[in-house]
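Visitor: So you can see what is in the structure, the chains are spelled out below.
Protein chains: 2
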Amino acid sequence: MLVVQKYGGTSVGDLDRIANVANRVAQTKKSGNRVVVVVSAMSGETNKLISYAEHFSKTPSNVEMDLLLSSGERVTSALLSIALQEMGFKARAMTGRQAGILTDEIHTSARIEEINTCALKKLLDDDTIIVVAGFQGISKDGNVTTLGRGGSDLTAVAIAGALEADLCEIYTDVDGVYTTDPRIEPKARKLEKISYDEMLELASMGAKVLQNRSVELAKKLDVNLVTRSSFNDNEGTLITKEENIMEKPVVSGIALDKNQARVSIVNCEDKPGIAAEFFGVLAEKNINVDMIVQTNSHDGKTDLDFTIPKNELESTKAALDGYKNITEAIEYDTDISKVSIVGVGMKSHTGVASSAFKALAKENINIKMISTSEIKISMVIDEKYSELAVRTLHEVYNLDK
Amino acid sequence: MLVVQKYGGTSVGDLDRIANVANRVAQTKKSGNRVVVVVSAMSGETNKLISYAEHFSKTPSNVEMDLLLSSGERVTSALLSIALQEMGFKARAMTGRQAGILTDEIHTSARIEEINTCALKKLLDDDTIIVVAGFQGISKDGNVTTLGRGGSDLTAVAIAGALEADLCEIYTDVDGVYTTDPRIEPKARKLEKISYDEMLELASMGAKVLQNRSVELAKKLDVNLVTRSSFNDNEGTLITKEENIMEKPVVSGIALDKNQARVSIVNCEDKPGIAAEFFGVLAEKNINVDMIVQTNSHDGKTDLDFTIPKNELESTKAALDGYKNITEAIEYDTDISKVSIVGVGMKSHTGVASSAFKALAKENINIKMISTSEIKISMVIDEKYSELAVRTLHEVYNLDK
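Residue numbers (this note's numbering), protein chains in the order written: chain D, 468 to 868; chain F, 468 to 868.
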């Protein structure tokens with residue numbers, strides 16, 4: 468097998484942990500696999516470098532930041548390669564550039580455009596373990612670029628895709644993807660397999676094991692992703708194509724998001740283009756609108772409800788200030804949370820939603836907004852009921868079994 | 468003017484010192500110059516990275532070491548560029564690769580083969596201050612290389628040569644080149660100008676402001692080097708072509724080297740090739756032989772004296788062990804030191820040597836070996852007289868005036 472492994476900042480947080488990672492990689496290699504490893508900077512390094520830059524400027528240039536921040540991953544890759552060589556393996560550390568990772572020119576959040584796999588393939592054919600500095604690439608004009616948050620995951624997924632690797636393992640400090648946040652529901656169970664789409668919907672769950680950009684890229688490139696812990700030998704969770712999952716559970720997990728606020732536009736004039744106007748002004752301010760619900764119009768008036776991230780409440784208020792005259796009121800509610808039921812099996816099963824509504828009603832939890840997609844039902848409830856709702860739903864769908 | 472400035476590890480040792488360097492660079496730019504800055508890693512960084520590598524291996528691979536060690540300079544260059552931008556200047560940080568520094572493939576001690584100045588020239592024409600990460604380049608096969616000890620000085624000199632800069636200023640924590648080590652002779656005087664050759668001969672002096680590789684390269688590329696301190700505004704010492712020095716002093720400085728040991732091969736059979744045999748076996752072991760003196764042969768026997776670095780005494784003994792049978796004795800003396808008088812004016816002045824011999828004799832200092840070149844007279848004396856000899860010679864040639 469060709470395996471790409473990615474080890475995050477805590478997994479390579481100090482020299483002993485890098486030695487531990489070397490042992491894991493060695494084990495994978497000894498089992499007869501070809502191995503490409505992608506590493507992050509040692510935890511704390513990137514923040515240290517950012518604080519250095521902020522000593523000089525509150526708005527340091529992105530080109531310089533990329534040069535600065537890309538150095539941490541280089542250090543880790545060199546050290547891990549040295550450790551593997553000392554164990555008797557052929558190993559080679561590579562920067563993003565050397566690994567052939569070509570990006571666009573959007574510094575600090577570049578997108579990978581192409582991977583030139585020549586150098587990688589040559590080393591793999593030579594039985595060499597490759598250790599790539601994650602998070603970075605090179606633009607067409609030769610500048611060092613970085614890929615933004617979760618960038619090392621993206622490096623691993625992109626390389627796995629380009630090399631058509633059998634597996635891309637993302638090592639963090641959590642065991643995998645759970646049916647819900649185990650801190651809320653101790654009966655939460657680790658999932659063996661989950662589809663890309665379910666993973667994307669669950670991303671807002673407490674345990675943020677993967678960023679959506681990486682899952683989306685894995686889906687696009689058809690990469691089998693495994694998320695697992697570098698601190699134990701537990702099997703992780705495989706994130707793969709829906710077709711690869713034989714027994715599709717109706718519900719795979721319950722996600723909770725406490726970082727949303729609700730905006731209610733009450734009795735707004737219902738004329739064509741009015742929603743476009745509201746959301747247009749929010750989009751201009753880069754405010755990320757999530758759930759949107761519009762009720763039926765009566766007497767030429769309509770109610771429009773939506774959620775936004777709590778930390779964008781003030782900028783939302785400012786953005787909507789000019790629209791007070793065409794509505795009866797604009798109300799804001801921050802004491803809410805969003806509970807979501809996610810599962811590909813929903814597509815072919817009826818009654819999933821009604822079971823949820825019934826169960827929550829039984830606990831006297833009032834549902835304030837509902838929004839559904841093919842594989843997700845999201846409900847806005849009073850924040851104080853968040854944990855109770857998660858546990859209730861976890862039980863309704865027998866997720867601990 | 469086009470000025471290349473290089474700031475060493477102590478000059479960029481912490482964030483405040485980097486800010487100080489930014490002010491110096493800004494001053495140079497404001498005076499109407501075009502400026503390229505070359506920076507080292509913050510002091511301590513390189514040693515930290517080496518200790519990390521040694522945690523994993525006593526003999527880490529050179530390719531990996533280069534990737535590891537080149538990261539420190541990148542951090543400094545990004546930070547200095549950010550500081551300059553914040554002050555309102557156009558600035559750009561560049562790695563060795565981006566600055567067009569092409570080297571051979573001898574990792575950890577690569578030689579610069581070529582500098583592609585396109586990118587540098589374009590930025591200079593755009594009135595941009597360029598901040599280059601020193602000590603590093605890229606080999607033809609795309610790997611990161613480093614230039615070995617004093618590598619950032621080499622980067623600066625090579626760039627100054629390639630761009631035909633008017634001046635290459637090497638900033639350290641000392642003021643310049645002195646007539647002798649001020650710790651030995653407090654009357655030592657800072658030299659205003661000195662020729663490349665004199666600088667090369669004085670390199671063994673206490674204040675090691677520049678490595679010979681950099682001076683040799685400056686001589687080859689005809690680069691006007693200035694060595695000065697980044698901690699004050701004192702004028703430094705200009706190291707330049709002999710032709711540029713109007714008044715050539717007979718003697719420029721007195722150098723002292725306490726790290727030599729003397730080897731005496733007593734009554735050796737004097738046949739052709741015998742010296743070649745001794746020095747051949749030492750060269751094989753990479754033992755650096757310095758002064759060599761052979762006396763006239765009598766009765767088919769000769770004496771052969773030479774000096775070696777003290778720390779290579781044991782390997783020298785081992786190397787010469789097999790030659791005991793063709794000599795009466797091989798003697799080793801570690802309690803010696805080498806005092807040298809350096810000056811381009813010697814070429815045209817007579818009596819320089821005899822003044823030295825007379826002055827030392829007056830102090831009862833016995834001279835054990837003498838070796839002369841066009842611009843240098845070196846004498847081996849008992850180590851205990853080292854400081855007295857330096858002060859005596861400093862006075863004989865009126866170097867404090």
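Source of the hints: derived by calculation from the structure; they are not laboratory data.
Cβ coordinates follow ideal geometry from the N, Cα and C atoms, glycine included.
Misleading hints may appear alongside valid ones.
Pair by pair, the computed Cβ-Cβ distance ranges are [claimed, not checked]:
| hint | chain 1 | residue 1 | chain 2 | residue 2 | range |
| --- | --- | --- | --- | --- | --- |
| 1 | F | Lys607 | D | Lys557 | 19 to 29 Å |
| 2 | D | Leu469 | F | Lys725 | 52 to 62 Å |
| 3 | F | Lys791 | D | Asp592 | 24 to 34 Å |
| 4 | D | Ser518 | F | Lys657 | 54 to 64 Å |
| 5 | F | Asp481 | D | Leu482 | 58 to 68 Å |
| 6 | D | Leu482 | F | Ile834 | 48 to 58 Å |
| 7 | F | Asp640 | D | Asp593 | 21 to 31 Å |
| 8 | F | Asp640 | D | Leu688 | 47 to 57 Å |
| 9 | D | Glu683 | F | Ile573 | 36 to 46 Å |
| 10 | F | Ser840 | D | Asp593 | 44 to 54 Å |
| 11 | F | Ser498 | D | Leu469 | 28 to 38 Å |
| 12 | D | Leu482 | F | Lys657 | 40 to 50 Å |
Visitor: Which numbered hints does this structure break?
Guide: Of the numbered hints given earlier, those the structure breaks are 3, 4, 5, 7 and 11, listed in rising order.
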